[in-house]
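Assemble the complex: chain X is given as a structure, and chain H must be docked to it using the hints.
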Amino acid sequence: MPDSAELLKPEKNQTVRIEQAEIVFGVLSFNNAGSIGSVLAAVRDTLNGRFAGVPSAILHADSGSSDGTVEIVRESSGDGPPLLVVHEFLRHADRVAVPYHGLPGMSSAVRTILETARTAGAHACAVVDGGRTTVTPDGIEWLVRPVIEQGIDFVAPYYQRHKYDGALTRGIVYPLLRCLYGRRIRQPIGADFGFSRTMMDGLLAQKGWDQDQERFATDVWMTTVAASGNYRIAEAVLGAHIRDSHEAAPELSTALSQITGSVFSEMDARVQVWQRMRTSERVPLLGSYKGDSTQPVNVNVRRMTESFRLGYQDLRDLWSKVLPPASIIHLKRMAAQTDQTFHFDDDLWARILFDFAVAYRLRVIAREHLLGSLTPLYLGWVASYVRDVELATAAEAERRMEHLCGTFESLKPYLISRWRWPERAGQ
Amino acid sequence: MLINLSSVLRQSADRISTNVIVFLPALLAVIVVIAITILVAWVVRAALLRIMRGMKFDQRSEELGFGQYFEWSPSRSPSLAIARLAQWVIILLGFLLALTAFDPTLTSHLALSLFQFLPNLLAAILILIVGTFVARFIGRSVLISAVNMQIQSARLLSVGVKWLVLVMAGAMALEHVGIGRAILELAFGILFGGIVLAMALAVGLGSKEMVSRSWERSQREDNKEEFHHF
Chain X
1198 MPDSAELLKP EKNQTVRIEQ AEIVFGVLSF NNAGSIGSVL AAVRDTLNGR FAGVPSAILH
1258 ADSGSSDGTV EIVRESSGDG PPLLVVHEFL RHADRVAVPY HGLPGMSSAV RTILETARTA
1318 GAHACAVVDG GRTTVTPDGI EWLVRPVIEQ GIDFVAPYYQ RHKYDGALTR GIVYPLLRCL
1378 YGRRIRQPIG ADFGFSRTMM DGLLAQKGWD QDQERFATDV WMTTVAASGN YRIAEAVLGA
1438 HIRDSHEAAP ELSTALSQIT GSVFSEMDAR VQVWQRMRTS ERVPLLGSYK GDSTQPVNVN
1498 VRRMTESFRL GYQDLRDLWS KVLPPASIIH LKRMAAQTDQ TFHFDDDLWA RILFDFAVAY
1558 RLRVIAREHL LGSLTPLYLG WVASYVRDVE LATAAEAERR MEHLCGTFES LKPYLISRWR
1618 WPERAGQ
Chain H
49 MLINLSSVLR QSADRISTNV IVFLPALLAV IVVIAITILV AWVVRAALLR IMRGMKFDQR
109 SEELGFGQYF EWSPSRSPSL AIARLAQWVI ILLGFLLALT AFDPTLTSHL ALSLFQFLPN
169 LLAAILILIV GTFVARFIGR SVLISAVNMQ IQSARLLSVG VKWLVLVMAG AMALEHVGIG
229 RAILELAFGI LFGGIVLAMA LAVGLGSKEM VSRSWERSQR EDNKEEFHHF
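First to last, the sequence lines map onto chains X and H.
Take 1198 as the starting number for the first sequence in our numbering and just add one per residue.
Take 49 as the starting number for the second sequence in our numbering and just add one per residue.
Isolated chain X (complex conformation) (with noise of 0.2 angstroms):
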């Protein structure tokens, strides 16, 4: 290792290159001037206090910051491993097409990490959220210890978050791959992983980095890379999931179409793999877990009420080619449901989503058309869930949450059934 921080600059389409290291760190960035100084600090104090001594290094991509970021990298000093600033890692497609969700180019910036790291030789590769505020070394050094130590291939992240938030996750992202590929990783959505080589090797050799449903949510895709695969997972407690708020929050119509899209997309392509699991299995989790944040949360259930009302007035025709008539008649006995008992069953939820899973493969309509009529559906699960569980302990949320995996993997036989024969929907 080095005595002094290296700061190096590869010119526009030079291979980045780093002669040797075990551990490198690929930290991610899109104008996170207000946080980038810190998760670097806080990447090399993790190197130099706890892996000191293992030769590493660290590779910051930045997806074309126009606030500093660059510069701040640049001017910042440490001690430590050698620090390589990348910038030209962008695809043409990535510059076109803007992911809503997630850092844009996130997908290139984790290749060029995991090839910079693998050609380095490493064992163990973390890529590390720039624009997170909470990043502490005690969080990210759980991305790649149970990495070197205990032979673990993929380590997702766990965030501690209030009961509301993540809702996209709880309600679609992780029921959906924990009954379909059969781990509990509970947040497969976010930018801060880890690898071992094995790892590398496997998510480098997969096809998926070029095309577009995996692109825009490289998180989710990885994940069920891993969980598809044979591979050790654990789970790493990160501390809260707090970003830069100087970034605009999302679209949330597009940004669930980009992410259930990938998850459907993956179906079809692992359908070997799904249909063959029938049970879950945990996955540890590590480092200092303290807790849910309980800090309280303002939330406009009447709006989302609202929204999936007027959904199921203007959409049910879309619905009806998608779903069969019983879950059509339970939504309209929804809609007509007042905010105070507005309620969404997780079996009707579980089936709603597997449907459209098979209207999606079928292309029973344009596949942005469909992704695009879950939102209101997705809303009016989302004001339910935040009904159930508006009092409840984190314990209490947890059980809701078990309740609702457990539906999903319970109607398995369902969604192996109608993607095997479609044509027998409703019967």
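Heads up, some of the hints might be wrong.
No more than 35 angstroms apart at the CA atoms, straight line, and that leaves these computed lysine-lysine pairs for DSBU-like [unchecked claim]: (1) H:Lys210 to X:Lys1609; (2) X:Lys1404 to H:Lys104; (3) X:Lys1529 to H:Lys104.
Just so you know, the hints here were simulated from the structure itself, not pulled from any lab data.
Frame of chain X, contents of chain H only:
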């Protein structure tokens, strides 16, 4: 005088009877040809339907995403639509063939005129089909986006956009076949301009307060909202 008149009448009667004698077999031939054509068309339609149903053509079309192209047909069945098309093409050809019984040159004249007109007609049909498809797609996109933006009159907006595209496609198709060009241009200008002006007025003036109230409410609610979906 009377002799002359009688001779003229006899000649006319002879001509009529000769024409009738010539016309009747031709009429009979036309009826026979049309009857055979209808029979052949019906057999072809039934055979095509049977083959395509045996191949599960409808299901395969749905799976490949072609089902939506046949939603305009009453039965929404791709195999039935194709079988019907084949049936009517055979009937049309049979009808043209039958006309040769009266005048062998008539069909060739008709065919010549038809072939001169055919490119424009085909282009117009293509414009209509593409226009209908695009109108449906855009209309549905607008409906979904408007619902997701919680616009109460989402359906109205979607229908308006869909008809705008349909009117434009219809006008382009009629322009291609050369029907009422001047009137069409004028009517289209008035109609299209009218729709755009009406929409602009509705949003700009009529719903100014409503839009501003709704926007303010949405902003207020957005500011209060601390919910993170991701």
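Hints, verified against the model:
1. H:Lys210 to X:Lys1609: violated (39 angstroms)
2. X:Lys1404 to H:Lys104: Given that 35 angstroms is the threshold and the Cα spacing comes to 33 angstroms, the pair holds.
3. X:Lys1529 to H:Lys104: holds (33 angstroms)
Of the numbered hints stated above, the single one contradicted by the structure is hint 1.
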